[in-house]
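Number of protein chains: 2
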Amino acid sequence: MKKLQGNAVIGQSGGPTAAINSSLAGVYKAASEAECIKTVFGMINGFEGFLAERLVDLGEYLKTDEDISLLRQTPASYLGSCRLKLPKAEDNEELYQEAFNLFKKYDIRYFFYIGGNDSMDTVMKLSSYAKKTDYEIRFIGVPKTVDNDLLETDHTPGFGSAAKYIAATVREVAQDARAYFLNSVSVIEIMGRNAGWLTASAALARLTENDGPDLIYLPECEFSFDKYIEDLKNVFKRKKNIVVAVSEGVKTSDGKYVCEAVASGKEDAFGHKYLGGTAQVLADYAGNKLCCKTRGIELNIPQRCAAHLLSKTDIDEAFENGKAAVGFALDGVTGAMIAYERMSDEPYKAGFAPKDISKIANGEKTIPKSWINKDENDVTEEFISYARPLILGEVTLKMENGLPKHLVLPREHF
Amino acid sequence: MKKLQGNAVIGQSGGPTAAINSSLAGVYKAASEAECIKTVFGMINGFEGFLAERLVDLGEYLKTDEDISLLRQTPASYLGSCRLKLPKAEDNEELYQEAFNLFKKYDIRYFFYIGGNDSMDTVMKLSSYAKKTDYEIRFIGVPKTVDNDLLETDHTPGFGSAAKYIAATVREVAQDARAYFLNSVSVIEIMGRNAGWLTASAALARLTENDGPDLIYLPECEFSFDKYIEDLKNVFKRKKNIVVAVSEGVKTSDGKYVCEAVASGKEDAFGHKYLGGTAQVLADYAGNKLCCKTRGIELNIPQRCAAHLLSKTDIDEAFENGKAAVGFALDGVTGAMIAYERMSDEPYKAGFAPKDISKIANGEKTIPKSWINKDENDVTEEFISYARPLILGEVTLKMENGLPKHLVLPREHF
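Heads up: the protein sequence lines correspond to chains R and A, in order. Anchor point for the first sequence: position 52 equals 89 in our numbering, and the numbering is continuous, going up by one each time. Anchor point for the second sequence: position 301 equals 338 in our numbering, and the numbering is continuous, going up by one each time.
One chain only, chain R, in its complex shape (with noise of 0.2 Å):
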């Protein structure tokens, strides 16, 4: 297939993550040493911003190695985000010939898009309205997200730093839960609404087999409010400080979310009023039950932005699969999202491939439930293998007053 002359594109959508910035360099570098590629534009807050033509050329901000690399150790989005989901082609014509017309304004002939399954959406109508134009474009998806949900792929990048985060967090928490000589119930809340990926990798943290998390409770089961305290009383029989990692997005059997659930009317039954997140209502539970001194964490946003303790193999790879998406698109692949296919676990070793966009749009990748164990509040061995290599390695960060540094774009394009 012909290279196209012309120029690039790249975009940032969906939420922050630690690697996303990572994959960002890696599409830029490829993307600025291709010879077909004249200018390589970042669109400012994703295909909202682009609609709007706020455009920079990177070339002016990404200067030397040394950018490239701060950039590659900057958590979040180096263009900033957006959340638009772009409407069916059939009936928002005029939205779709706006963005060809922009398209050829700018002589773009490479659309890269860094994100999760809502921004692959984009990339899949693209590429399908694309086809009816006589305009030549490629638009490549680069996946990304924390939540590690993306089918058609091993997993995403930024995932392997949130997973090592996390792990590392959990473990530290289960160190201080030890410090009182007393029963006591620790729950951390983690991120996940659907996938308990992140929430499992809680597991990683375990310095021994009788290590916290002593028990781990995912969306892919249902959570029963008896059997948690069942859980916890028979972990009590071996040990005083138990540590719970538990999905936000835990539902009890009638489908609602254990906030949700508890709020709605199930505090009487239990005589306390239970608010806050998951982990709360869970620590508060356990207390009246239990009588124990409870604790609920909320690892919150941090668990996605975290960037100083990033996982060497996750931003590595999340660089490498942004220039392997330029090799793709010069070779003439379009409408495709560059996923990782693992050919072992130890040593570990990954390539990429490109796969069809239209089986990766709006689609979501669970835990399988052979990774769970028969009590569903425990992954197996299994997941362990498979999670560990990709929390792997270290980055030595470049730091700047006790701090790692961070590479800005100028606030005046936001």
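Treat the hints loosely; a few may be bogus.
[To be verified] 30 Å max Cα-Cα, derived DSS-like pairs, lysine-lysine:
1) A/K442 / R/K442
2) A/K386 / R/K386
3) A/K274 / A/K288
4) R/K168 / R/K39
5) R/K100 / A/K276
6) A/K386 / R/K435
7) R/K274 / R/K264
8) A/K411 / A/K277
9) R/K276 / A/K122
10) R/K293 / A/K330
11) R/K125 / A/K330
12) R/K435 / A/K442
13) A/K442 / R/K330
14) A/K100 / R/K277
15) R/K39 / R/K142
16) A/K349 / A/K406
17) A/K125 / R/K330
18) A/K435 / R/K435
19) A/K277 / R/K100
20) A/K122 / R/K277
Since the hints were derived computationally from the structure, they do not count as laboratory data.
Mind docking chain A on chain R? Use the hints.
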């Protein structure tokens, strides 16, 4: 003063930190190398455990340089902690006699207690009581607290690492907040009920003058909801994404904590019911008044036990402080805490000095008003000059399977 021949005992007390084990390593290292000290005992769960004769011979567990090195990077309390407040000797002669009988039984001549102001109270009471006995024993307090609120010392071990973690995390959250093209307020709640040192250290996160945190609310100043909204409006004039650092301990003019004040009825005036911690209260309040996206983020337990981004200055100093404690004890000092004395900010230089424990026990040091800006929503350059040296330097962590390794005392002791 003559060196006493006999044994030493070390305890840890109060809330865990990332540096308390480095202090323990320092005390152990120097004590185990002192010729006049035979055995170095560790009390399990502080003085409470000591009274129950829960002692370990630390020499059995800290055998190699590798053990010491791992102990230095392990967060929380290796020996476990307690929250025991010793009653006065006048009313509890028996308890004190029991303690001194145990000192005699184990031939303990050196007593090291690593902790905060409550723990220094224990050191004070025991050393006072010792004067009434004919048993020769020396009591030394080794400072520890993330809160940095101990009197008579420039700063405290544990503060630097917590401040570094907090500043790094606030910088990351500020990056995350920039991602979307809309007005937003991210409120980050930081530890410190009465002293705002940790909250103030969020100021170290700024990359440029215009970077977050944009507003800092300390417990040293009265909090006003109206002023808060005015402050936010002012910041919105120059940027879209506001990051607020707030101490968990901020109080309104009626002396109530922000969350209490709101829960107690003020919610009706706001037309909303505010629940949860201070961050969530302020996030919800801003969202309601200014119709913008908001997020409440409680840094919670990880800010005191995070040990994957340690301040080398802090961890090295804690170790040296522990060693110095032994040196002073051998020289005859008792009833003292080993304080830091700063000689200069740049280059940073500090030394150690024993300080009368009675001036420290139960006291509390807050941020000087002159280090808080006129608007009471930020700190001044004086604070930055004070705090920055304490977060400098990185500890190269020993890793295993992608995570920082920890040294753990076998569970049978707990």
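message = Would the hint linking R/K276 and A/K122 be met if the CA-CA limit is 30 Å?
response = holds, 26 Å
ask   = Hey, R/K168 versus R/K39, does the alpha-carbon distance stay inside 30 Å?
value = Roughly 17 Å between the alpha carbons, so the hint for R/K168 and R/K39 holds.
message = Would the hint linking A/K274 and A/K288 be met if the CA-CA limit is 30 Å?
response = holds, 27 Å
inquiry  = Given the hinted pair R/K435 and A/K442, is their Cα-Cα distance within 30 Å?
reply    = holds, 23 Å
key: Pair hint outcome, A/K277 versus R/K100 [Cα-Cα no greater than 30 Å]   = holds, 27 Å
message = Between the alpha carbons of A/K349 and A/K406, is the straight-line distance 30 Å or under?
response = Answer holds: A/K349 to A/K406 is near 29 Å, not above 30 Å.
message = Check whether the Cα positions of R/K274 and R/K264 lie no farther apart than 30 Å.
response = Measuring from Cα to Cα gives roughly 16 Å; hence the hint holds.
ask   = Taken at face value, is the distance from the CA of R/K442 to the CA of A/K442 at most 30 Å?
value = Roughly 25 Å between the alpha carbons, so the hint for A/K442 and R/K442 holds.
inquiry  = Does A/K277 sit within 30 Å of A/K411, going by the straight-line distance between their CA atoms?
reply    = Between A/K411 and A/K277 the Cα gap is close to 24 Å, so the pair holds against 30 Å.
query = Does the structure keep A/K435 and R/K435 at a Cα separation of 30 Å or less?
reply = This hinted pair holds, its Cα atoms lying about 19 Å apart.
message = With the threshold set at 30 Å, check whether the alpha-carbon distance from A/K122 to R/K277 stays at or below it.
response = Given that 30 Å is the threshold and the Cα spacing comes to 23 Å, the pair holds.
key: 30 Å limit on alpha-carbon distance, applied to hinted pair A/K386 and R/K435   = holds, 24 Å
In summary, the one numbered hint that this structure violates is 2.
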